[in-house]
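Chains as they are written, first to last, in my numbering: chain G, 27 to 227; chain A, 80 to 296.
Warning: the hint list may mix true and false statements.
Claimed, not checked - Reference listing, derived: stretches of chain G covered by chain A, where coverage requires no fewer than 3 residues with Cβ under 8 Å from a Cβ of chain A:
| id | segment |
| --- | --- |
| 1 | 59-66 |
| 2 | 87-95 |
| 3 | 156-164 |
| 4 | 168-179 |
| 5 | 203-209 |
The hints are simulated quantities; they were obtained by calculation from the structure and are not laboratory data.
A virtual CB, placed ideally from N, CA and C, is assigned to each residue, including glycine.
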Amino acid sequence: MEKIKTLIVLSLMLYSEIALSQHSHSTPFVRKSLMSMSTGLSAGAMVFNPVQEVYFTGSFAYCVEQQIGVRTDLYIFLPDYNFEGQLQKNSCILFGPEFHLPLGHFDWSILFEPGIAFPYFKDGTANKKAQAEPVFQFSLATTYYFLRNFHVSVSASYLHGNYFLESTNPYKLDELRLNASLGINIFVNHQQAFNRKDVKF
Amino acid sequence: MILRRTTFIIVFTLLTLGCHLNSFAQKAMRLKWKDSGVFAVGLRSGVALSSNKGGWNIGQGLGLQGRIMATSHINTEWYFEYFHGGFTGEAVRTDGHIGGLVLLYPQRRLQRVAPFLALGPNADYIKLRDRLNKQNFVSRWSIAAQSGIGMHINLTRRTDITISTLYMLHFGTELQLPPDDESIITIPASGKSLDGHFVISLSFNYKMADLWKRLRL
Chain G
27 MEKIKTLIVL SLMLYSEIAL SQHSHSTPFV RKSLMSMSTG LSAGAMVFNP
77 VQEVYFTGSF AYCVEQQIGV RTDLYIFLPD YNFEGQLQKN SCILFGPEFH
127 LPLGHFDWSI LFEPGIAFPY FKDGTANKKA QAEPVFQFSL ATTYYFLRNF
177 HVSVSASYLH GNYFLESTNP YKLDELRLNA SLGINIFVNH QQAFNRKDVK
227 F
Chain A
80 MILRRTTFII VFTLLTLGCH LNSFAQKAMR LKWKDSGVFA VGLRSGVALS
130 SNKGGWNIGQ GLGLQGRIMA TSHINTEWYF EYFHGGFTGE AVRTDGHIGG
180 LVLLYPQRRL QRVAPFLALG PNADYIKLRD RLNKQNFVSR WSIAAQSGIG
230 MHINLTRRTD ITISTLYMLH FGTELQLPPD DESIITIPAS GKSLDGHFVI
280 SLSFNYKMAD LWKRLRL
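Excised from the complex, chain G in its bound form (with noise of 0.2 Å):
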């Protein structure tokens, strides 16, 4: 625990770094009307389960301010049948705002993406169906743009929930994932939408 909270301090400390640096960086790549498609691989250890997990993760994200975007991520559970206490399902979908904190061709962004998980216990429910439980997620991501539409993205995040199922005490599933990603990029809209001249028919 002492461990996570050290890395925890660390992360801000660069955070603020990066946050200080921002100042002297006048053109970042990360701006306005970004928008990002990435595909990676998630690994996840639960904090109160002895559980370990694999996710295949997509991503969506969109720049609707200088520095403020909103983003959707999907991550499908990858399960090993072959160890038993293991959730058989946990696939969940969140969405939310980022904050960037562009430097150059990096950038750094915090996010809160609330949204619903579906974990299946076998041992646990009487019946078969993945059930769906509010959970939310903070993140820390850092990113690095090249070739002008390409990025490789590294996160590490903290997801907090619970899972009902038919016990007296709920299934927390509360885990530190730690993320990496390869994406595409464009920019679109241009033009201010206010600028744009109205379609007549």
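Knowing the structure of chain G, use the given hints to seat chain A on it.
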């Protein structure tokens, strides 16, 4: 204990410092036209705190919302949200709300931080189920009203983060869930009068358009 407190202070200070430094880069809130007619959409997340004889119960949830500004002092908010959490040691509670709110701004004009009073009606759905048996549940639809305070933190001219604390009062019939032969869980806890709960929300909103005039932010 001291280490935990020190860690919390360091984390909070660093996070605040980062956000504060970045907020300098944003332009001030400035509208060319009057605020009336500005339409915004948002995503909300939060917790519902309900009490019973055993103490407080926390439900976690999320929802969507839209806002239409009526005048420079009055905004309207339309939303639906969903909460899910434990209720006592024997039940699981699900809450669904769909409704509207009137937001009243005491400030002369909207500023970076805009506090508000909120008041409004909604339709409310509650489901109580046995923790050990999903098939054992009771539910009801009712009308409700909520009121409270909150504030917008305008990050840029179009986006804001809103934090609010509201108390919701339900005008519904009594719910009784018998988890086993010996005990019974009721809402309201006393089995009489009104029941209610706190809703603490955090939302992110984006001003999409000016419904009356063209938006010139």
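Hint by hint, here is what the structure shows:
no.	hint	result
1	59-66	violated (count 0)
2	87-95	holds (count 5)
3	156-164	holds (count 4)
4	168-179	violated (count 0)
5	203-209	violated (count 0)
When each numbered hint is compared with the structure, violations occur for hints 1, 4, 5.
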